[in-house]
Structures are given as C-alpha cells and as structure tokens.
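One line per chain: the protein sequences are A and B, in this order. No gaps in the numbering here: position 159 of the first sequence is 159 in full-length UniProt numbering, and each next residue is one more. No gaps in the numbering here: position 30 of the second sequence is 30 in full-length UniProt numbering, and each next residue is one more.
Simulated from the structure, these hints should not be mistaken for lab results. Quick caveat: nothing in here was measured; it's all calculated off a predicted structure. Hints may be right or wrong, so weigh each one.
[Claimed, not checked] Covered stretches of chain A, as calculated for chain B (at least 3 residues, CB under 8 Å):
no., stretch
1, 25 to 33
2, 53 to 64
3, 110 to 122
4, 150 to 157
[Stated by the list, open to error] Below, a sample of chain A positions facing chain B; criterion: calculated Cβ distance under 10 Å:
no., residue
5, 21
6, 39
7, 43
8, 44
9, 48
10, 220
11, 221
12, 226
13, 230
14, 231
Built from N, CA and C at the ideal position, the CB exists for glycine as well.
As a plain string of letters, each chain reads:
Number of protein chains: 2
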Amino acid sequence: MTLRYLTANLAQQIDEELMGAAGAFSLDQLMELAGLACAQTLATVYPRERYSRVLVGCGPGNQGGDGLVAARHLAMFGYKPTVYLPKLGSKEIYKRLHSQCQNMDIATINTEDDLRRRLEESDVVLDAIFGFSFQPPIRSPFDTALKLITDSKLPIVSVDIPSGWNVEEGNKDHVALRPDVLISLTAPKEGVRGFKGRHFLGGRFVTKEMERKYQLNLPEYPGFAQIVELPSGVSQKEKL
Amino acid sequence: MTLRYLTANLAQQIDEELMGAAGAFSLDQLMELAGLACAQTLATVYPRERYSRVLVGCGPGNQGGDGLVAARHLAMFGYKPTVYLPKLGSKEIYKRLHSQCQNMDIATINTEDDLRRRLEESDVVLDAIFGFSFQPPIRSPFDTALKLITDSKLPIVSVDIPSGWNVEEGNKDHVALRPDVLISLTAPKEGVRGFKGRHFLGGRFVTKEMERKYQLNLPEYPGFAQIVELPSGVSQKEKL
Numbered sequence: 001m002t003l004r005y006l007t008a009n010l011a012q013q014i015d016e017e018l019m020g021a022a023g024a025f026s027l028d029q030l031m032e033l034a035g036l037a038c039a040q041t042l043a044t045v046y047p048r049e050r051y052s053r054v055l056v057g058c059g060p061g062n063q064g065g066d067g068l069v070a071a072r073h074l075a076m077f078g079y080k081p082t083v084y085l086p087k088l089g090s091k092e093i094y095k096r097l098h099s100q101c102q103n104m105d106i107a108t109i110n111t112e113d114d115l116r117r118r119l120e121e122s123d124v125v126l127d128a129i130f131g132f133s134f135q136p137p138i139r140s141p142f143d144t145a146l147k148l149i150t151d152s153k154l155p156i157v158s159v160d161i162p163s164g165w166n167v168e169e170g171n172k173d174h175v176a177l178r179p180d181v182l183i184s185l186t187a188p189k190e191g192v193r194g195f196k197g198r199h200f201l202g203g204r205f206v207t208k209e210m211e212r213k214y215q216l217n218l219p220e221y222p223g224f225a226q227i228v229e230l231p232s233g234v235s236q237k238e239k240l
Numbered sequence: 001m002t003l004r005y006l007t008a009n010l011a012q013q014i015d016e017e018l019m020g021a022a023g024a025f026s027l028d029q030l031m032e033l034a035g036l037a038c039a040q041t042l043a044t045v046y047p048r049e050r051y052s053r054v055l056v057g058c059g060p061g062n063q064g065g066d067g068l069v070a071a072r073h074l075a076m077f078g079y080k081p082t083v084y085l086p087k088l089g090s091k092e093i094y095k096r097l098h099s100q101c102q103n104m105d106i107a108t109i110n111t112e113d114d115l116r117r118r119l120e121e122s123d124v125v126l127d128a129i130f131g132f133s134f135q136p137p138i139r140s141p142f143d144t145a146l147k148l149i150t151d152s153k154l155p156i157v158s159v160d161i162p163s164g165w166n167v168e169e170g171n172k173d174h175v176a177l178r179p180d181v182l183i184s185l186t187a188p189k190e191g192v193r194g195f196k197g198r199h200f201l202g203g204r205f206v207t208k209e210m211e212r213k214y215q216l217n218l219p220e221y222p223g224f225a226q227i228v229e230l231p232s233g234v235s236q237k238e239k240l
C-alpha cells in the first residue's frame, strides 16, 4: 500500500470535496490547520534558538494564506518572522490573516530591495509562494524573488510544492527553488516524487472515506501530532 | 508575576477583542485551535490504547462548538468519540461542525436513555457542556446529564469551567461535575482557582499586546505545543 502522489487536478478536487458536503470544512479551518503544520515543520527542523529570523514568502493565492497563518504561529512559538507579501490576494480571508500578522507585530515587506536586505538578516526561509494551482511562467516580481531567495543560500522549507516547480513534473525551471525541507499538505503532489530532502506531511483533516475513495494510503500520524515525517527514500521507491 | 484568573466579564471581553480589531480572528479559527487543544489534553492524560471510547458532552453554546471540534480531532487521533448533543446551537457554525463530525463517522446521541447506555460503554468523558457564559440554574436535560456523568464514575476532562460550576465562585452546586483534568482556554477563570486535578492551558493565540494590556502573565508554552500544563498547586498559591 503505497502513498499516493496527487496530480494538480486531483489535489484541486480533494480540496473542493473537503469544503463541500463530504468534508463541510471552511477555508478558515483548513488554512489554520495547514499553516500550523507548516510552522511546526519549520520549528521541528530549525529550532528557534539558532534560526529565529524567518523570512516567510507569501504568494497571492491560498498558499500565501497558509504562509500568513504559519508566520503568526511562528511568532507565537517565539520566532521573529517577516512576511514578504508583494501582492495581497483579493479574497477577504487574506486581509484578515494579514491583520492577524500585524496584530502579532510581524513586519511585512513587499519590494525587491526590502527582500534583498531582509534575506541578509534571516536564518531560514519558509516558501509559501506558489502552490499546486501554480501555472508557469513565473511572473514578476516572483521571478526575481525566487532568484534572491536562492542566492541567499539560506535553508528553505517549501510548502506543498517548491515554488517554480511544475506540480506534476517537478523541477523544470532554472529559477525554481531547491528546498531542504518540504511540507506536503493533505497528500504529496506528483512533482515532488524526486524530492531528496526531509519530507513532512500535514493537513490531518482528510476523512477515512475520502482517503479510501482516492486510495491515498496516508501514513499514520504519531499520537496527536499535526505533522508526520515521511521515511526518506519513499519517493525513490515509489518511482521504481 | 502570577497567572491571572479571569472574571466572566473579562473572559467575554477578551473573546470579543480577539474577534475584533485587536485580534481579527474568525470564530472558525479560534474554535479550531481551542478544540484541538482540548483533544490534545485528553490524549495527553488518557492514551487511546486504554481510553479509546470518549463521550463528548456538548452544550448549545460556543463551548459545545469546541467539543464538536475536539471530537473530530479525537477521531483523527484514533479514538472512538460519541457526541452527546441534546440541543444543537442555532448558529450556522454549529451545523457545519456537526456535519464535520458526521463525515468522520462520529455517532451523535441526544436522549437521556442513549446517554445512560453510552456512558456504560465509555472510558472517559470530555465535558464541553457549559462554558464561561453559563448562568445558573442548570436546565433540563443538562441537570440529568450531569448527574448521569457523575454517576458513571468515569474520568472527566472539563473544558474551561467544569459544567455546573459558577464561573467566578467555583463549585457551588451539588450536581456540578468534579473533573479529574481541566483545560482552560486563553486564561483560567476565577472559579477554578481551587481546582485540584491536572490543569492545562490552551488557546495559544493571545497577542503579546493583549497579554500585557490585561496582565495575563501566561506561562510559556513548550516548543510548538498548543497546550501547556500548569504546575500543580499554582491555584492554591495564587489564593493565599
């Protein structure tokens, strides 16, 4: 029984079912649990004693929302996050999530210059820029942002699909990020089969029925944890 | 710097501020994190290997909502919760939270007979019946329900304020529950100063500014945990 890797379409369908009759979840709930899982993954690998300054890159879509939630939880955990948010998504929820960050005294930056400067004063990057609904090409200002993040040589934790990767085909673009750590949400996506770093799974809200229906074969989460680390090499075994 | 115990009015005010400009949280978000903290507290004290069958008593207010969220997370953790829900609150959110439980195959019971039978087949009770806005007297069917829960002699985990206790004066009613474990949300309430069992705190979403403004002096949560156990005897020291 092997873990299933999702196509972009299937990932989209599962998200819709979670918020439809089969799940009945609100976006607020799913994003809260997803963002918490992202923050806990970063905190697991990069303890705040050595990596307190976190640059959280947020895109304009739902993944940017996960990033805003994660930034807030990181601040709660004692980190000093800064949110890079060049374009705030238009949905009302993003405004609320951003206000929550501001209420936690989390700084927001949005220009290339600010990003360059802030990366020099950061210890680790949380990449919540593009998610599974990303379609190439990488548009400005994110093309430059990805390059700056890569050039910073900081450790990177990517959410769901590393920014710039093709959701199904993986890393095809020379400006795509090369993260050290990946946190997949709900189930991993096709494009990360070849990922070699530490790989976690979060989004502990998929019903048993949905898991059976889509044969997700999710691993067991330990105790009451909201994240589970996937054994290294699983991706490679799956591939053969 | 001693932990502050909240009056009912102050607890209400803090809740309103969390959902107003100072917090910008939605009820969905706060309830999700509160319910997760309740489920994690129960799982910390009563491992599922010995206490898998959990009776989750849900009142008609916000605390019943926390209970529904906790029941869902407990099911995710591998427990077999049953929800006792004699009256579903009228707010739309309660319907959604209840649908989420049904989608997780969690049984709901609502009569006295069903409660009596189910208690005989349960290992532990999560008491999310009355919260800090409870005003006596204890009305039917909850008067009988509390008596049945006490008579069951099962271990009890109460949320925020044990059901039947006066929020500020504590245990004054002979049918009030006598829980073994308490999970306070945001900050403990005046009425639980004298509580003698294991006492946890959850609701890790209070901003530093709100904490300062109200001199809450919250304890430090460990790492990225969503709950923290209060040192035993703190309640007594505070009292002197």
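We went through each hint and held it up to the structure:
Look at the stretch 25 to 33 of chain A against chain B: 6 of its residues bring a Cβ nearer than 8 Å to a Cβ of that chain, three or more, so the hint holds. Using a Cβ-Cβ cut-off of 8 Å, 0 residues of the stretch 53 to 64 of chain A lie near chain B, which falls short of the minimum of three, so the contact claim is violated. With 0 residues having a Cβ less than 8 Å from any Cβ of chain B, the stretch 110 to 122 of chain A misses the three-residue criterion, and the hint is violated. Coverage of a stretch by a chain is defined here by at least three residues with a beta carbon nearer than 8 Å to that chain's beta carbons; for the stretch 150 to 157 of chain A and chain B the count is 0, and the condition is violated.
A least Cβ separation of about 8 Å between residue 21 of chain A and chain B falls short of the 10 Å threshold, and the interface hint therefore holds. Interface restraint check for residue 39 of chain A: the shortest CB-CB distance to chain B comes to about 7 Å, inside 10 Å, so the restraint holds. Checking residue 43 of chain A against chain B by beta carbon gives a least distance of about 4 Å; that is within 10 Å, so the hint holds. Because the beta carbon of residue 44 of chain A sits about 8 Å from the nearest beta carbon in chain B, less than 10 Å, this interface hint is met.
This hint holds: residue 48 of chain A has a C-beta 9 Å from the nearest C-beta of chain B, less than the 10 Å allowed. The closest approach between the C-beta of residue 220 of chain A and any C-beta of chain B is roughly 8 Å, which is under the 10 Å cut-off, so the hint is satisfied. With its C-beta approaching chain B no nearer than about 8 Å, residue 221 of chain A sits inside the 10 Å limit, and its interface hint holds. For residue 226 of chain A, the interface hint holds, the least distance from its beta-carbon to any beta-carbon of chain B being 8 Å, beneath 10 Å.
A least Cβ separation of about 18 Å between residue 230 of chain A and chain B goes past the 10 Å threshold, and the interface hint is therefore violated. This hint is violated: residue 231 of chain A has a C-beta 20 Å from the nearest C-beta of chain B, more than the 10 Å allowed.
Against the hints set out earlier in the document, violations occur for numbers 2, 3, 4, 13 and 14.
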